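The end of the sequence shown is residue 224 by this note's numbering, with every number in the run present.
Just so you know, the hints here were simulated from the structure itself, not pulled from any lab data.
You may find that some hints are simply not true.
[What the hints assert, rightly or not] Heads up, simulated EDC-like pairs for lysine to aspartate or glutamate below, C-alpha to C-alpha not over 20 Å straight-line:
hint : residue 1 : residue 2
1    : Lys117    : Glu144
2    : Lys85     : Glu58
3    : Lys85     : Asp68
4    : Lys130    : Glu181
5    : Lys117    : Glu167
6    : Lys175    : Glu111
7    : Lys175    : Glu203
8    : Lys82     : Asp47
[Stated by the list, open to error] What follows is a set of in silico ranges between Cβ atoms, one per label pair, in the way DEER data are often shown:
hint : residue 1 : residue 2 : range
9    : Glu143    : Val174    : 21 to 29 Å
10   : Glu126    : Thr187    : 20 to 28 Å
11   : Glu13     : Glu45     : 33 to 41 Å
12   : Pro192    : Thr139    : 15 to 23 Å
13   : Asn190    : Pro166    : 37 to 45 Å
None of the values given here were measured: they were computed from a predicted structure.
Quick reminder that beta carbons are idealized off the backbone N, C-alpha and C, glycines included.
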Amino acid sequence: MSAIAGNLFRVRELVSRAAVRSGREVDLLVVSKTWGAEVIKEVTECDQLLFGENRLQEGEEKIPVLPDALEWHFIGTLQRNKVRKVLQLFPVIHSISSLKLAVHTNRIAGELGLHPKVYLEVNIGEEEGKHGFTAGDVTAQMEEILAMSNLSVEGLMCIPPKGDSPEDSRPWFVKLRQLQEELERQTGRNFPGLSMGMSGDFEIAIEEGSTIVRVGSAIFGPRP
């Protein structure tokens, strides 16, 4: 067994155990940014189907040469001028970070005849310079977003403020879950997805409600 396959097996075990503790199903999204198609192919041979990319250019290079059965998620900052190309490659987007971007993405999706699944990125720590809705904005604007007929809102996504230990992420994950619950009460709609947790804190994220974790370096090792 290669080092990457061994790491994937270990991460899957940790995800599975945390999912059992939390009583829910959790998806593992393998973050393959900076890794070439040959390295990713090794992971696909371990029956991994969900992959996430941060950059459109990398997706354009890798997706056409990898198996069609894979499901690709766009998890990086989404720029308005790249929305059309991103939609054509990625059926799931984790980084709708403003009402203006949602409106634009909905319009382009309509033109393309697509219906992407999207997560609304929340700047849960309200950090300067970081993309995302504030909790107040997403609460005030959710009804308008839900009226966008070409977007399927799966739920919320966050990247918590950087802490000294994985445990420092826990209160931010709790806050995002509580925001999800508040939005469900407000709208009467179910938002099944919480995209939170990365290589350093995914077990804690699952304990606090995550349904999909974005893990890269814990599988591939340090990026080249």
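Each hint tested on the structure:
Taken as a hint, the Lys117 and Glu144 pair is honoured in the structure, with Cα atoms around 16 Å apart against an allowance of 20 Å. The suggested pairing of Lys85 with Glu58 holds, with an alpha-carbon distance near 12 Å, which does not exceed 20 Å. Simply put, Lys85 and Asp68 have alpha-carbon atoms about 18 Å apart, close enough for the 20 Å limit, and the pair holds. About 23 Å separates the Cα atoms of Lys130 and Glu181, which puts this hinted pair outside 20 Å; it is violated.
Of the pairs offered as hints, the one joining Lys117 and Glu167 is violated, with about 30 Å between alpha carbons and a cut-off of 20 Å exceeded. Of the pairs offered as hints, the one joining Lys175 and Glu111 is violated, with about 36 Å between alpha carbons and a cut-off of 20 Å exceeded. Taking the CA atoms of Lys175 and Glu203, the gap is about 16 Å. The hint holds against a cut of 20 Å. Under the criterion of a C-alpha separation no larger than 20 Å, the hint pairing Lys82 with Asp47 is inconsistent with the structure, at around 30 Å.
At roughly 25 Å, the beta carbons of Glu143 and Val174 sit within the given window of 21 to 29 Å. For Glu126 and Thr187, the hinted distance range of 20 to 28 Å is satisfied, since their beta carbons lie about 22 Å from each other. The hinted window of 33 to 41 Å between Glu13 and Glu45 is violated, with their beta carbons roughly 18 Å apart. At roughly 19 Å, the beta-carbon separation of Pro192 and Thr139 lies within the given 15 to 23 Å, and the hint holds.
Take Asn190 and Pro166: their Cβ atoms lie about 29 Å apart, and the range 37 to 45 Å is violated.
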